[in-house]
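There are 2 protein chains.
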Amino acid sequence: MRYAVLGTGMVGRQLGGKLVELGHEVMMGSRGKDNPAALEWAREAGPRASTGTFAEAAEFGDAVIEAVGGQVARAALEAAGAERLAGKLVIDVSNPLEMTDGDVRLVVPEGQDSVGAQLQRAFPEARVVKTLNTLNASVMTDPALVPGEHQVFVSGDDAAAKREAVELLGSFGWPAERVIDLGGIESARAVELMMPLWLTLFRKHGDAMFNWQIQRASS
Amino acid sequence: MRYAVLGTGMVGRQLGGKLVELGHEVMMGSRGKDNPAALEWAREAGPRASTGTFAEAAEFGDAVIEAVGGQVARAALEAAGAERLAGKLVIDVSNPLEMTDGDVRLVVPEGQDSVGAQLQRAFPEARVVKTLNTLNASVMTDPALVPGEHQVFVSGDDAAAKREAVELLGSFGWPAERVIDLGGIESARAVELMMPLWLTLFRKHGDAMFNWQIQRASS
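Protein chains in written order, with our numbering: chain A, 4 to 222; chain B, 4 to 222.
Hints in this document: simulated from the structure, not taken from any laboratory. Glycine is no exception: its CB is placed at the ideal position from the N, C-alpha and C atoms. Any given hint might turn out to be false.
Going by beta-carbon spacing under 7 Å, a handful of chain A positions derived as facing chain B [to be verified]: (1) L148; (2) A193; (3) I217.
Residues from chain B that keep clear of chain A, each with C-beta distances beyond 10 Å, as calculated [to be verified]: (4) G20; (5) E28; (6) K36; (7) L42; (8) G49; (9) A58; (10) E62; (11) G84; (12) A85; (13) E86; (14) P127; (15) D160; (16) F175; (17) W177.
Chain A extracted, bound-state conformation:
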């Protein structure tokens, strides 16, 4: 399959690299054409990896992984172009973080809103699924790095898109029973709001190699 990965940060490079490793063709999109991080990523990832603008990547991909910061996610998808997202699975991995006084903090969308829901509203023909925003990049594509039956979440309005996302997560190493379907895209708020606890634990632990496991009395 052909994937667009929007964003050249740690998450984009990690997901893009894993997708190439799995045999997919991946174009990493960035604002400018010759983003150094994207070029280096493509050189290391090999012949199935390429780079382009947000629009070129979105045009190329059968599915799109949006892995820029939550604060600029909408701008990245606008640059990609609504017509190039229409009908496609758009995975939103973002968290609306900001740096304040050298500290990383979550900017909580107003009311009951979330970046995931904002993107779905702004691009109604895209099939947005929020997932993978609750854990470290390396654990996203190698869950066995952390012991236990820890989990990931999916939120989205399009049931078929969520099935495609669950399949993709399966190829990353997440068995379907460890993917928790939270419901419609409005539930993206719940997972975005986990970021402050994630950041607090990250500072406390001094490492990012942890994840959540929901324990239940009955299942």
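With chain A's structure known, arrange chain B on it following the hints.
Relative to the frame of chain A, chain B by itself:
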């Protein structure tokens, strides 16, 4: 020991009942003197249980458990009286929830604030510890109801108060290694923001018998 439990809801009754069971004397405080829920609780809990106003309970307790809704927590502590809280461990179990269209939702304090931090600022001589707001009342006092090594969190500025809280949690059945110290009271925000995911899972599961476990690669 003598405890004040402020609040007559499920959480207050559960914690008050457990404290009586453990041999403590407990006065349940409410706005009015003859709160029916408090009177019924005291009758069932037996001779070590009593009822009173917020102020009478705070006067009675060596430590105070604030188990009203987060939206009215400050008003309850004002009714209790700053002078009756001074120097005491004040455990804040609350979440700032509101009912909207028959739906329970978290009201997120502005900026990086939290109910826990607001209470500590409003009552600087109280030793506020945020804990137990991330799970169901019955699991608070009987963690074995849910399988696994799931955890609770403590946040607070006063190290001695947190030690007292950890000891209290130990008497409820939480071994110290399953109590995660998140740091100062500002970290109360991180645990209050878990409520939307808790509510989403509660609706999905149809029951409240679950809790979080942080899995780590190293410890």
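Going through the hints against the structure:
| no. | hint | result |
| --- | --- | --- |
| 1 | L148 | holds, 6 Å |
| 2 | A193 | holds, 4 Å |
| 3 | I217 | holds, 6 Å |
| 4 | G20 | holds, 20 Å |
| 5 | E28 | holds, 32 Å |
| 6 | K36 | holds, 38 Å |
| 7 | L42 | holds, 31 Å |
| 8 | G49 | holds, 28 Å |
| 9 | A58 | holds, 34 Å |
| 10 | E62 | holds, 35 Å |
| 11 | G84 | holds, 32 Å |
| 12 | A85 | holds, 29 Å |
| 13 | E86 | holds, 33 Å |
| 14 | P127 | holds, 23 Å |
| 15 | D160 | holds, 15 Å |
| 16 | F175 | holds, 17 Å |
| 17 | W177 | holds, 14 Å |
Checked against the numbered hints given earlier, the structure satisfies every one of them.
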